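Undergrad: Given next are the chains, with one letter for each unit.
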Amino acid sequence: MRQQGTNKGDDRISGIPARGVLLLLALAIWVAPGSAALAAERLRMSTTTSTENSGLLRVLLPPFEAKFGCKMDVIAVGTGKSLKLGETGDVDLVFVHARSLEDKFVAAGFGVNRRDVMYNDFVILGSTDDPAGVRGAGSATDAFARIAAAGARFVSRGDESGTHQKEKELWKAAGTTPRGKWYLEAGQGMGEVIRMATEMRGYTLADRGTYIAYRKKTDLVILRQGDKGLWNPYGIIAVNPARHPHVKYGLAIKFIEFVTGEEGRGIIANFNVDGEPLFFPSSREGP
Amino acid sequence: MAPIFRLESVTRHYGERLALEIPELVIEEGGIRSLSGPNGSGKSTLLGILAFLSPPTSGVLYYDGKRVEWKERSLVALRREVTLLHQSPYLFEGSVHANIAFGLGIRGMRGEEKHGRIEESLETVGLGGFGHRRARALSGGETQRVALARALALAPRVLLLDEPLANVDRDSAVVIRAVIAGLPARGTTVIMTTHDPDVPGCSNGEVIRLEEGRLSRSRDEVATGRT
Amino acid sequence: MDYLVESLKVSLSLILALDPELCQAVRTSLYVSAWSVVLASLMGIPIGLAVGLTEFPFKRSVITLLNSMMAVPTVLIGLLVYGFVSRQGPFGGLGLLFTPAAIIIGDALLATPIVANLALSSVRGANTAILPTAMTLGGTRFQSVLRLLSEIRFGIMAAVISGFGRVVSEVGVAMMLGGNILGSTRTMTTVIALETSKGEFALGIALGLILMAVALAVNIVFQILQRR
Numbered sequence: 000m001r002q003q004g005t006n007k008g009d010d011r012i013s014g015i016p017a018r019g020v021l022l023l024l025a026l027a028i029w030v031a032p033g034s035a036a037l038a039a040e041r042l043r044m045s046t047t048t049s050t051e052n053s054g055l056l057r058v059l060l061p062p063f064e065a066k067f068g069c070k071m072d073v074i075a076v077g078t079g080k081s082l083k084l085g086e087t088g089d090v091d092l093v094f095v096h097a098r099s100l101e102d103k104f105v106a107a108g109f110g111v112n113r114r115d116v117m118y119n120d121f122v123i124l125g126s127t128d129d130p131a132g133v134r135g136a137g138s139a140t141d142a143f144a145r146i147a148a149a150g151a152r153f154v155s156r157g158d159e160s161g162t163h164q165k166e167k168e169l170w171k172a173a174g175t176t177p178r179g180k181w182y183l184e185a186g187q188g189m190g191e192v193i194r195m196a197t198e199m200r201g202y203t204l205a206d207r208g209t210y211i212a213y214r215k216k217t218d219l220v221i222l223r224q225g226d227k228g229l230w231n232p233y234g235i236i237a238v239n240p241a242r243h244p245h246v247k248y249g250l251a252i253k254f255i256e257f258v259t260g261e262e263g264r265g266i267i268a269n270f271n272v273d274g275e276p277l278f279f280p281s282s283r284e285g286p
Numbered sequence: 000m001a002p003i004f005r006l007e008s009v010t011r012h013y014g015e016r017l018a019l020e021i022p023e024l025v026i027e028e029g030g031i032r033s034l035s036g037p038n039g040s041g042k043s044t045l046l047g048i049l050a051f052l053s054p055p056t057s058g059v060l061y062y063d064g065k066r067v068e069w070k071e072r073s074l075v076a077l078r079r080e081v082t083l084l085h086q087s088p089y090l091f092e093g094s095v096h097a098n099i100a101f102g103l104g105i106r107g108m109r110g111e112e113k114h115g116r117i118e119e120s121l122e123t124v125g126l127g128g129f130g131h132r133r134a135r136a137l138s139g140g141e142t143q144r145v146a147l148a149r150a151l152a153l154a155p156r157v158l159l160l161d162e163p164l165a166n167v168d169r170d171s172a173v174v175i176r177a178v179i180a181g182l183p184a185r186g187t188t189v190i191m192t193t194h195d196p197d198v199p200g201c202s203n204g205e206v207i208r209l210e211e212g213r214l215s216r217s218r219d220e221v222a223t224g225r226t
Numbered sequence: 000m001d002y003l004v005e006s007l008k009v010s011l012s013l014i015l016a017l018d019p020e021l022c023q024a025v026r027t028s029l030y031v032s033a034w035s036v037v038l039a040s041l042m043g044i045p046i047g048l049a050v051g052l053t054e055f056p057f058k059r060s061v062i063t064l065l066n067s068m069m070a071v072p073t074v075l076i077g078l079l080v081y082g083f084v085s086r087q088g089p090f091g092g093l094g095l096l097f098t099p100a101a102i103i104i105g106d107a108l109l110a111t112p113i114v115a116n117l118a119l120s121s122v123r124g125a126n127t128a129i130l131p132t133a134m135t136l137g138g139t140r141f142q143s144v145l146r147l148l149s150e151i152r153f154g155i156m157a158a159v160i161s162g163f164g165r166v167v168s169e170v171g172v173a174m175m176l177g178g179n180i181l182g183s184t185r186t187m188t189t190v191i192a193l194e195t196s197k198g199e200f201a202l203g204i205a206l207g208l209i210l211m212a213v214a215l216a217v218n219i220v221f222q223i224l225q226r227r
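In the order they appear, the protein sequences are chains A, B and C. For the first sequence, the residue numbers in numbering that gives the first Met the number 0 are 0 to 286. For the second sequence, the residue numbers in numbering that gives the first Met the number 0 are 0 to 226. For the third sequence, the residue numbers in numbering that gives the first Met the number 0 are 0 to 227.
Hints in this document: simulated from the structure, not taken from any laboratory. These numbers were taken from a predicted model, which means no experiment stands behind them. Misleading hints may appear alongside valid ones.
Residues from chain B that keep clear of chain C, each with C-beta distances beyond 10 Å, as calculated [as the list claims (entries may be wrong)]:
{"hint": "1", "residue": "His12"}
{"hint": "2", "residue": "Glu27"}
{"hint": "3", "residue": "Leu52"}
{"hint": "4", "residue": "Arg66"}
{"hint": "5", "residue": "Glu71"}
{"hint": "6", "residue": "Ser87"}
{"hint": "7", "residue": "Pro88"}
{"hint": "8", "residue": "Gly186"}
Here are the computed lysine-lysine pairs in the DSS-like style, where the Cα-Cα straight-line distance is at most 25 Å [said to hold, decoys possible]:
{"hint": "9", "chain 1": "B", "residue 1": "Lys70", "chain 2": "C", "residue 2": "Lys58"}
{"hint": "10", "chain 1": "C", "residue 1": "Lys8", "chain 2": "A", "residue 2": "Lys215"}
{"hint": "11", "chain 1": "A", "residue 1": "Lys247", "chain 2": "A", "residue 2": "Lys103"}
Glycine included, C-beta positions come from ideal geometry on N, C-alpha and C.
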């Protein structure tokens, strides 16, 4: 007579580790996502930290989700990483801000149907004592040249994000390659970089949206703004279904139509933090 | 009676050390055999082989006339006929009842039949009503008796006992001696190691003597020297 | 001091209000941790038993390897699994990246060496008489190993709980493989990372306290279970 397993019943010794595992299984099943959440079609979008951290997506996505009975999965990373995720087909669309990279992305056939969505601008932040004299600069480029010349501390995103791309453009225009103890590459999101620059009394380049959202948590002030070179347009691109057949192209296009359409533009225009608008919808023909 | 065990050219090494070397040994079925010899003479090693727990390094063991193949599949059936009671028996976590139930449950015994067998074997060792006790909280003598009851419940054809009277109190020793003496009548062959001269079986000359892993020729009375 | 008091207030108000996003993050954390520990136990306990109970060449090296695997950084495991489950990777077709399943895979790999090592130590610390006793009472090798497992259940449970503690508190795998998606793969730890990045320290600390409370609760439940 061969029995698998040990005796049961009143014997009170049995596979007790199994009981722990069973409990874990029960926990796993109990907290499992509801079937409704699993059933809904999911649209996956990679975007920059600025759109999510500012809170814009919290008001922009729910009306779309309700309208089309789907669920948006947002992966908030830098622009560089966002585009990479589109390139590998791990997302269905990308919502980013680095025009030159976006154009390359489309030209290489990774994405289709690029549309301008909205814009805001970059600002140069620094402490009020302004050791490099950025306030007196004639342009954003001049401001960067002054920071480099003074060797004043500058905290860079250093993460290939849209902001980092813009920053590199500005250094290039200023005719300098930032290098030295004064130049710190954080490799983190905008919020962390503002926080680090605050702690270190350094300069940094930030998008206005994130700065406004963080204004209460930093004593850095805007030292330079308004230049054409500080323009920050956001674009949205569907991942090319010819390259990645599994992407939800139809739904992605619906989302693109939604955010660039009447309703989406209204939401973007009305979105504000403490009464201050963070983003401006692009005009149909481009800003 | 037919031999229950026959060993031919059996050796057992632990690494380089030779622990046991038996050119030939025949053990008849029935009665009580005692296995004597100083500590380290290979008694426990021999019991381990006879219990089908550890194979010899070389040589052949016959059980009930059949050559033992040291393959797990066939050993399970053999072990259900031969049970070894270790010198310091290990009782499982849980109740005394559960300890005895383990071997019975494995043999497919269930319900009332199993319960009755457990009670009966506990009464045999004088521990009736101990079923609910926590096994690992018992005294040395009680532990030895429960372990004996656990083996008796299985009604083995051969019971191997390794120093069953070491580390037990006087009362337990009396009970254990009596139980062992009654085993042959119940159809169980007993092979035991002991230093105790008062054990039944030792007196009738049925002694296997080991010294430094080898059988010693003499068949005279048990050496009482403790080492 | 004010800061901590403030955090506690925020934390309590979030818990009392049963903030849906917070609850969702707690649920997600428990869900992925529980499943990954189940998987890690199914792999780790047999590994620990096998290594502890059998002799084979290079056993010492295998044990050393198991030990060093406990120190593998979470981001490395994240990266490795990422490579496999991304659309470019060999299992890309399953679309696992940025789903709870991806975190479960990563966390299971993270916890397996821990469960295996601690299971191995309990096997090696177990009374050597257990297996021969179970076998001489008629148990098959499998039944005897189950018996052994039952005898060392405290050690095994400790192994499982340690595995759970590791995965419920880690952020690298959850962030890389889950993508911190609101309502889907946002766990307690990735929320903490996110809130910190947004400068919301109070909320981060509040969540940290909740995380500790959840870990404590899980441990207490297991303790009670063991006592019984």
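Undergrad: Hint by hint, note whether the structure agrees.
TA: Hint check:
1. His12: holds (15 Å)
2. Glu27: holds (22 Å)
3. Leu52: violated (5 Å)
4. Arg66: holds (20 Å)
5. Glu71: Answer for glutamate 71 (chain B): violated, closest chain C Cβ roughly 6 Å.
6. Ser87: violated (7 Å)
7. Pro88: violated (7 Å)
8. Gly186: Answer for glycine 186 (chain B): holds, closest chain C Cβ roughly 17 Å.
9. B:Lys70 / C:Lys58: Measuring from Cα to Cα gives roughly 23 Å; hence the hint holds.
10. C:Lys8 / A:Lys215: holds (20 Å)
11. A:Lys247 / A:Lys103: holds (22 Å)
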